[in-house]
Amino acid sequence: MRYAAPTTVDEARSLLAEHPGSRVFAGATDLIPQIRAGRPAPPVLVDLKRIDQLMTVLHEDGQWRIGAATPTSNLTRNRDFTAMFPGLSEAVGLIGSDQIQNRSSLGGNLANASPAADSVPAMIANAVQAVIASGDGTRTVPVAEIATGPGQTSLADGEFIVEFTVADPPSNTSDAYLRMIPRTEMDIAIVGAAVRLTVDGDIVTDATVVLGAVAPTAVTVPEAGAALVGAAIDAGSIDGSAMDTLADAASAACDPIDDKRGTVAYRRQVAGVMARRAAAIAVGRAQNGV
Amino acid sequence: MSRTHVTCTVNGDPVDFLASDDTSLLNALRGELGLTGAKEGCGTGDCGACSVLIDGRLNCSCLVFAPEAEGSDIVTVEGIADDDHLHPLQQAFLEGAALQCGICTPGVLIAAKALLDANPDPTETEIRYALAGNLCRCTGYDKIIRSVQEAAVRLKGAAR
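Protein chains in written order, with the numbering used here: chain A, 1 to 290; chain B, 291 to 450.
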C-alpha cells in the first residue's frame, strides 16, 4: 500500500487510472477502521486534502460550492452556511466527536454509503448536487443518485467526488434534521429525518421529507412532503391532521433492518415522530427567517 | 510496503522520520519519535486517547496516516507544559484527582486544551460536548469536568 497526495484533480485521476482498485480518502474516519477490520488495503491511498478545490467552501452568485474533502467542522463553524442551511449544518454536527468532525467530509460521508449517514438526508432535502471527476471531465448528479445500497455507490472505478453545489434556498425556506440514537451522543442513527419547507405567510407551499437509516439508502418520501403542501400554520404550528398524514407516510416509507439498536417496528414508528418534529422545527425557522 | 520521509513540527521542534505508508501518525509519534503520551485505546477514532492537535485542530492520531503529517504542526501532551511548569490543565487535573489509571488523560488534556484555546470561558455543557470524543473507563468524568473549569478560571486570571 502506497500513500499519495496529489495536488490537482488531474493528478488524482491519473493515479486512480494507473492503479485500479485504489481508494481516495479525505478524513479516513471510515477507511482506517475498515482496513483495521480486515478489508483489503488498496494499492494506493489517494489523499485528496492537498487539492485546494476539494478543501474550499465558496459562496458566490447565489450558490455554494463545498469541496468534497473539506472537514465538516468548517461547515458547522461557517456562520453564513449555518444560517442558510441550519438543518444540513446540524446534521454534519452530529457526526462523531470534535476529533471526527475535524476530519470527516461530506464526500466521505456520502461515498462511504452508510444507510445511516447523517449528512445525506439533509443534502438530498436541499437538492445538493455532487460534481464527480469522471474520465477526463466531470459529471454532476443529485446526491440522491450516489448511494445504491449499504457500502455501494454509483461511482465507477476511478471516479471521485470533487465538490458539492447547492443553490441558496428561496426566501421563507428552511430545513431541519433530527435523528434518534440509543445514546445521547456519539452513536449511529437508527432513524434520521430531514425536512426542508417553504412557507407563504401561514401556509406551507413546498416541502421535502427525506429519511435516513430506515432503508438501504436514504429515502425521499414524496407523500410526506405532499401532506404538508397547503397545510395551515397556526401560531407557528402546522395543522395537526397534515402532520398526522406526514408521520404516517414517513412510517410507511420505511424498509428498515432489525438490529440491536432498533427493531423494525420501533424504527417505523420513530421515523414518523422524527419527521413530524423536524417539520415543526423547519417551519419555525422558515417563518422566523432563521 | 512503501515508506515516506516525513518532515513536520512536533511540540515546536522540527522533526523528520521515515514512516510506513500504512502506519498511523500515532504509531509514528510513539515509535519513531518516542512520544508515548498519546495512547492507542480503540484504534478506530472512538475513544480519543490518541488525541493530538494538528495545525491547531483536535484530531485522533490513530485516524491519520503518518505521511499526512508532512509540513504540519503537531502538539502532543508532551508539548503543553511550559519548561518547569505544568500547563494549568495538567496542574488542575493533578490537584483535582481527575485521573485514575491515566490512559485517557493525555487525550483528555489535549481535547480540553483545544476547547480552552477556542473558548476560554466554556459552560459545563460546552465542556461535556467538547470532551464527548474522549472516553474514560474509570468513570472519572465529573472530576475531569471540574478540573477543566478550574483550569479555565486560572487561565483567565493569568490572562488578565
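These aren't lab readings, by the way, just hints derived from the structure by calculation.
Every residue gets a Cβ at the ideal spot worked out from N, C-alpha and C, and that includes glycine.
Warning: the hint list may mix true and false statements.
What the hints assert, rightly or not - Footprint (simulated), chain B over chain A, 3 or more residues, beta carbon under 8 angstroms:
(1) 2 to 14
(2) 30 to 36
(3) 97 to 108
(4) 262 to 270
To be verified - Calculated pairs, SDA-like style, for lysine to any residue (alpha carbon to alpha carbon, straight line, at most 20 angstroms):
(5) A:K49 to B:I344
(6) A:K49 to A:A83
(7) B:K446 to B:D336
(8) A:K49 to A:P86
(9) A:K49 to B:D311
(10) A:K260 to A:R183
(11) A:K49 to B:T294
(12) A:K260 to B:P410
(13) B:K433 to B:E385
(14) A:K49 to B:R347
(15) A:K49 to B:K433
(16) B:K446 to B:P410
(17) A:K49 to B:T299
(18) A:K49 to B:S362
(19) A:K49 to B:G346
(20) A:K49 to B:D312
(21) A:K49 to B:H377
Status of the hints after comparison with the structure:
With a threshold of 8 angstroms between beta carbons, the proposed coverage of the segment 2 to 14 of chain A by chain B holds, since 3 of its residues qualify and at least three are required. Under the rule that three or more residues need a Cβ within less than 8 angstroms of chain B, the assignment of the segment 30 to 36 of chain A holds, with 4 such residues. For the segment 97 to 108 of chain A, the proposed coverage by chain B is satisfied: 6 residues have a C-beta within less than 8 angstroms of a C-beta in that chain, meeting the threshold of three. Requiring three or more residues with a Cβ within less than 8 angstroms of a Cβ of chain B, the coverage given for the segment 262 to 270 of chain A is violated, as only 0 such residues are present.
Restraint check: the Cα-Cα separation between K49 of chain A and I344 of chain B comes to about 14 angstroms, which is no more than 20 angstroms; the hinted pair holds. Restraint check: the Cα-Cα separation between K49 of chain A and A83 of chain A comes to about 26 angstroms, which exceeds 20 angstroms; the hinted pair is violated. Straight-line distance between C-alpha atoms of K446 of chain B and D336 of chain B comes to about 31 angstroms, which puts the hinted pair past the 20 angstroms bound. About 25 angstroms separates the Cα atoms of K49 of chain A and P86 of chain A, which puts this hinted pair outside 20 angstroms; it is violated.
Simply put, K49 of chain A and D311 of chain B have alpha-carbon atoms about 16 angstroms apart, close enough for the 20 angstroms limit, and the pair holds. Distance check on the hinted pair: K260 of chain A and R183 of chain A sit about 13 angstroms apart at the alpha-carbon level, within 20 angstroms; holds. Restraint check: the Cα-Cα separation between K49 of chain A and T294 of chain B comes to about 17 angstroms, which is no more than 20 angstroms; the hinted pair holds. The straight-line distance between the Cα atoms of K260 of chain A and P410 of chain B is roughly 40 angstroms, outside the 20 angstroms bound, and the hint therefore fails.
Simply put, K433 of chain B and E385 of chain B have alpha-carbon atoms about 10 angstroms apart, close enough for the 20 angstroms limit, and the pair holds. Among the hinted pairs, K49 of chain A with R347 of chain B is consistent with the structure: their alpha-carbon atoms are about 15 angstroms apart, no more than 20 angstroms. Distance check on the hinted pair: K49 of chain A and K433 of chain B sit about 38 angstroms apart at the alpha-carbon level, beyond 20 angstroms; violated. Restraint check for K446 of chain B and P410 of chain B: the C-alpha separation of about 7 angstroms stays at or below 20 angstroms, so the hint holds.
This hinted pair checks out: K49 of chain A and T299 of chain B have alpha carbons roughly 19 angstroms apart, not beyond 20 angstroms. The straight-line distance between the Cα atoms of K49 of chain A and S362 of chain B is roughly 13 angstroms, inside the 20 angstroms bound, and the hint therefore holds. With a C-alpha separation of about 17 angstroms, the suggested pairing of K49 of chain A with G346 of chain B holds against the 20 angstroms cut-off. Using a Cα cut-off of 20 angstroms, the hinted pair K49 of chain A and D312 of chain B holds, with the two alpha carbons roughly 17 angstroms apart.
For the proposed pair K49 of chain A and H377 of chain B, the alpha carbon gap of about 32 angstroms is over 20 angstroms, so the pair is violated.
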